[in-house]
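When you get a sec, could you build the whole thing from the sequences and use the hints?
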Amino acid sequence: MFKFLFDRDTWQEVYDSFSKNKLRSILTMVGVWWGILLLIGLLGSARGLENSFNRLFGDFATNSVFVWGQSTSKPFKGFQEGRKVRLSLSDAKKIEKNVEGIEFVVPRSQDQATVVRKFLSGSFQVAGDYPLLDQVQKKKLIYGRFINQNDIDFDKKVTLLSEETYKQLFEKKENAIGEYVQINSMSFKVIGIFKNGDVNMGPSTDMHIPFTTFQQIYNRGDEIGWMMITGKPESDIKQIEADAKLLLKNLNKIHPKDSRAFGSFNLGKEFGKLTGFLTGMQFLTWFVGIATLIAGVFAIGNILLITVKERTKEIGVRRALGATPFEIKRQIVVEAVFLTLVAGVLGIITGGWILIALDAAFGQGDDAAIVNASVSIAVVFIALIILVVLGTLIGLIPAFKATSIKPIEALREE
Amino acid sequence: MLKINQLHKSYPIGDSSLHVLKGIDLKVEEGEMVAIMGSSGSGKSTLLNIIGMLDEADSGDYILDGLPIKDLTEKKAAVYRNKFLGFIFQSFNLINYKNALENVALPLYYQGMKRKERQEMAMFHLEKVGLSDWAKHLPKELSGGQNQRVAIARALAANPKLLLADEPTGALDTKTSHEIMAFIQQLNDEGKTILMVTHEEDIAGMCKRIVRLRDGVIMEDKKVEQVRAEQYV
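Protein chains in written order, with this note's numbering: chain Y, 1 to 414; chain B, 1 to 233.
Check each hint, because a few of them may be wrong.
[Said to hold, decoys possible] Using 25 Å as the maximum straight-line C-alpha spacing, the simulated PhoX-like pairs for lysine-lysine come out as follows: (1) Y:K406 to B:K70; (2) Y:K406 to B:K175; (3) B:K83 to Y:K313; (4) B:K75 to Y:K309; (5) B:K75 to Y:K406.
None of these hints come from the bench; they were simulated from the model.
If you're wondering where the values come from, they're calculated on a predicted model, not measured in any experiment.
Structure below.
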């Protein structure tokens with residue numbers, strides 16, 4: 001059988017039968033070519049979209065929920081409704097200790113500040129942060145370092161500036177690290193410059209200073225602005241949100257059914273919707289691609305059936321000359337597989353070109369909609385194997401048709 | 001060489017059946033040249049097809065060169081056809097997208113012969129029919145007589161024991177017919193056994209024996225004085 005595949009005559013026969021029907025063979029192949037092209041193009045684009053989402057959210061611990069205090073909407077334990085709810089550092093610690101499945105709780109505070117440096121000044125959003133923030137919302141540092149535990153322990157007056165803030169406070173290309181800026185008339189040493197990500201969770205931040213320092217200069221005491229709760233990768237973030245809120249209501253003497261006392265944004269839930277959408281798209285892609293492929297392969301089977309019908313006489317002659325039914329079938333199956341494979345490989349190549357074109361058109365720059373649109377080699381191989389299997393199966397139909405006619409009937413046909 | 005005993009064959013037509021061959025007895029010795037004659041519907045083509053293993057008899061014996069041809073699978077029939085029989089058809093039945101040489105080489109391909117050997121052998125047979133200069137030409141580029149010569153070369157390629165010809169001159173004009181017949185006679189002179197179906201008296205007269213069929217039985221079976229075709233060429 002394998003010797004047969006390497007036999008020059010086999011391919012001579014295949015070549016002859018195609019060169020005889022060039023147009024028809026090409027039209028036939030278009031079906032399969034189109035199918036695999038769609039499959040590769042769509043899968044690659046879906047992957048590109050996924051990559052671009054991953055790049056946007058890659059720096060975030062996506063299994064997170066943000067919680068902040070609002071006003072109560074129900075009276076409880078002697079308190080009137082409409083009471084301002086303030087979260088505190090101890091709330092954060094209790095949540096971290098008591099709610100199951102939590103990885104980190106990161107308290108944050110933020111406020112407006114006037115910042116002056118030499119003759120330049122501006123109004124900026126200053127956030128007080130723990131070093132932990134860097135783990136749940138990776139800061140892209142251009143220069144310097146992020147806040148460390150030492151800064152927290154000693155309430156150091158150090159600050160990180162965003163790239164935009166740096167541009168407003170410093171001259172072009174001026175060194176900022178080690179320089180001082182005045183935040184609300186207090187001197188802070190610049191330890192780093194960061195780049196704001198494409199996606200910001202919560203209010204945008206122009207400057208970071210150590211959390212403890214922030215609490216001091218704004219006289220906040222124990223009170224925090226909001227907290228980021230990050231669940232372990234395997235834990236259910238919706239459950240964590242519910243548990244945390246219930247605990248917070250308990251701690252702050254708020255009616256358990258008061259739904260407006262805390263505001264929250266569940267990043268994990270939103271992200272889940274997004275990944276669900278992407279998974280759905282990938283499923284759709286496979287479905288559409290494979291359905292098109294099957295349609296294409298059927299077209300090949302159909303054409304081969306017509307070809308066999310037209311070649312009835314030729315097949316009769318061959319059998320009169322001593323071709324066994326197996327040899328006839330084998331030849332037709334080889335033709336079918338060859339057609340599907342050539343069309344498939346061409347489809348894969350052109351699909352690749354389309355992905356290259358997509359990448360050139362939409363894949364450049366930091367805010368590209370499609371990042372690294374590609375398909376894995378495994379997918380290509382699976383597609384090829386599907387093609388070969390389908391080609392063989394579909395080739396069997398005309399093959400059996402060809403040998404079901406007795407040679408005498410085939411010869412009689414004029 | 002060939003022995004047929006009480007051969008019967010009928011074809012179903014709707015609910016009834018048409019009895020085409022009604023007990024044929026025929027014996028052909030090696031080196032004979034037999035013409036099977038009869039009007040259309042006499043069963044001559046059916047007989048040739050059964051001898052050619054393209055069709056199967058309902059009952060009766062068929063022994064070819066001592067080998068009983070019975071209960072053939074398609075595969076076995078194909079091997080026997082390839083080994084023992086050479087076919088010449090009225091409409092040549094060459095494969096139209098293959099050139100003369102490839103057509104002649106086809107039975108050798110199915111014998112599993114190597115490409116180079118096969119082409120040499122095919123060339124040898126093409127030379128024998130005088131068409132070596134036309135080896136690379138497609139059937140459509142050849143005349144009817146040339147095509148039939150290619151077909152004869154193809155029939156000879158596998159060196160068969162028996163040559164079966166179904167109206168070999170049916171599609172040719174008289175002059176070309178005589179050329180082809182002269183050639184077939186020459187093959188017979190060299191010792192090939194030839195069985196030919198025809199309805200032309202003059203062509204039949206060029207054989208050594210005429211078997212006449214009518215309504216599925218042999219009416220007449222006689223040896224004749226062979227008319228040489230060369231004299232007309």
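Output the numbers, in ascending order, of every earlier hint that fails for this structure. 2
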